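Could you build the full structure based on these sequences and the hints that come with them?
Just so you know, the sequences run in chain order A and B. Count along the first sequence starting at 1, add 1, and that's the number in the working numbering. Count along the second sequence starting at 1, add 261, and that's the number in the working numbering.
Everything labelled a hint here was simulated from the structure, so no lab data went into it.
Restricting the straight-line Cα-Cα distance to at most 20 Å, the calculated cross-link-like pairs of lysine to any residue (SDA-like) are: (1) A:289 / B:313; (2) A:224 / B:396; (3) A:229 / B:606.
All values reported here derive from a predicted model rather than from experimental measurement.
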Amino acid sequence: MLSRMLGQGMNRRFAVVQALAAAILLFAVSCRHGDGPYPSKELKLIVQASPGGISDTVSRFMGSLIEKDLGVPVVCENKPGASGALAFSYVARRAPDGYTLGHASIEIAVVRTLGYADVGPDNMGLICLVSKTPAVLVVREEAPWNSFEDFIAAARKQRGGLILAHAGTGSIWHFNALLMEQAADIRVTYVPYGGTSRSLASLLGGHVDAVIAGTGEAIANVKAGRLKVLAVLDESRSQLYPETPTSHELGYNFGAPAWSGFFAPAGVPDAILERLEKAFRKGFASSKWARLCRERGMEAVFMGRKEFREFALQEAAFFGREIPQLLTLER
Amino acid sequence: MTADLLAGLTAVLQWEVLTFLAVGVVLGAIFGSLPGLTATMGVAVLTPLTFWVSAEQGLAMLLGIYCGAIPAGGIPAILINVPGTPASIATSWDGYALSKKGQAGLALGINALLSAVGQLTSIFFLAVAAFPIASFALRFGPAEYFGLALFGISLMAGVSGDRVIKGMLAGMLGLGIATVGLDPMTAYPRYTFGQSEFLDGISFVPVMIGLFGLAEVLIQISDRWGKLDQAPSKLGRIWPAWMEWKRMLPSTFTGAGIGTFVGAVPAAGGDIGSVIAWEQARRLSRNKEAFGKGSLEGLAASCSSCNGAIGGAMTTMLTLGIPGDAVSAVLIGALLIHGIQPGPLLFRDHRDFVFSIVFLMAFASMVMMVVGLLGAKPLARALRIPSPWLWAGIVMFGAIGSYALNNAVVDVWAMFVAGIVGFLLRKADVPLGPLVLGLILGPMMESNLRRALILGRGDWLGTLTSSSIVVFFMVATILSLLLPLLKKRRAG
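Quick look at the structure:
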């Protein structure tokens, strides 16, 4: 067939087809990489949340910071859904060549226990952690409780008497509330909302008694004197609320801050992870990152790949152990 | 006060700022007019670009996108019956009918003009009454949201025209689809068949593109099977006549007012606002029958209300630091990066900046009006593209848009399935408006009823009469269902 066509002499249409094939082949070859030192082409950074949220901001910001060090573009792509499980398993299935990375929110340590996807820190190539966001317990300014102890005492008086809103069942702020119930031996009534901003609106409107949210999310209305923070649910004090005691200080040893990091598929060579860690460390050290953290109420904390791996595995083990137990707390 | 006003104005009246604003409006027009690319996406994707410029310049661009995208969403709704953003669903009901009558130019003109009127009205409300509006929005607790959603659902009958039973069935189908995904209270997966892609439910935008865009293409193909050469559509004039202005005036301001208030309520935006405004305008109108069949009043109500929602959403965002809709949620992040914390203190400490935002939005809506009017003629000419090309284009852009939303292939499948379902429903003469209402309002109604019952500790009657707003919505719901029946009886 081919020889017959060639024998007939190339008509114009065949020439066009050939040219197209050649172009496609050339394009395919030019897309291949691996000849030069890593990285030799653009990196894809998969974000597990919608555009505009904190995970998206952290990813796009860090992406633009590491671009300079790596010398190749970093393109962010959002794949929201199922608490991040879709994005995590998508990245975990990519080729371990270091050209597809993912944003690792605390949900990487949670989604397996929630049954959303069989993915966790143990089958990821973790790169680094860049920030931490503790939870706070907030109430309205005119609420009768002026300290965490007041709140706990009121909650103890009547089991389920106080109403607490959070960002949604299975969210990290929900787990913080459950941990609070367990540690202080109280029970509250939950109203789950689709996101922290709606739970805060409900608190401001006087529909619920308290909200557990991230440190930065409440700051505008705290500064304006409409809300007050009773406790920071963490080990050390928050820079945003230096006057507010922590749960640990008050003798309640609980608190599970949210965090942000980055990961690659498992099996990425350690040299590449090291190169990426170096780039992220450089970005982390810039004053721009410090400013973003300050403005969004995050704490700039850095962990390299080894430390982050250990930490994330610990977190996964903690949530794997605690979540089933917390969700069945007797009401 | 006057000093702040002047300071706010001078900060904006710089050629760099105005250039960024114009660029933003044009980008917004592109994002808004392509179904699947939403205003939220446009603002989110371009936010990082504004990190490196001043706050005024960055905001000029982002607000330009916001104010440009929503009116632009009406353009494909009018021309090809595919809403460019969810907010312009109601625009397609009358806009597309006008376009089929050969008045595409007029519909586009009204869209450009009255979108600007809606935006400017709501911006005026933002400037003079931000705090009263915000405190009204805060009074919306779960019971009030349930009331609003129930009232919205009761409009199903109105948007069904004379096919009430079929409309109800379509509405139930919409409510059914809305139950897919994690249970809003307990996070237990419902109807996901073990697929994690369905945990967040069926995405709304692909379903909308399928129901309206793909189904429209299939209908046209099946109607014109074998007779492709259709006469080129007329463009008609663009500017409305004086009588038409007078006729549209009441529904325009009804729309702008309803849009502003619904937009201010967090978690309810232009999509819900425009449907409610359209239905209210229909009730108040003398030509009820014309609604949905190319009524100028209906088009005016929907254009002004979905744009009125912009000012409303910005009001809640600026006064409380709490987003009124998805776009303003992204804008909060952008403001924070520029070192501006939206919230009550913004109005005390940076009043000039608030006025800057007001002026930026006002300029943006006027620029968009000019863009929309200038673009009406060339855009309406798109209808002269031979049908097969247009159809192929709609399917292609629909698929791309569905994928782009979440970068998920499952959304493209949802688009195709919704397209086929929509085609079959329309062949059976089932109205699609109620289906969309069920889809939008279902999650809001369900989750808020359950929240309200938690708060009311299970007391039904107490919950549904817990505040004047709830009672208002309950009465309005009952009236909206009963009044047509009573009128019919009297007439009969």
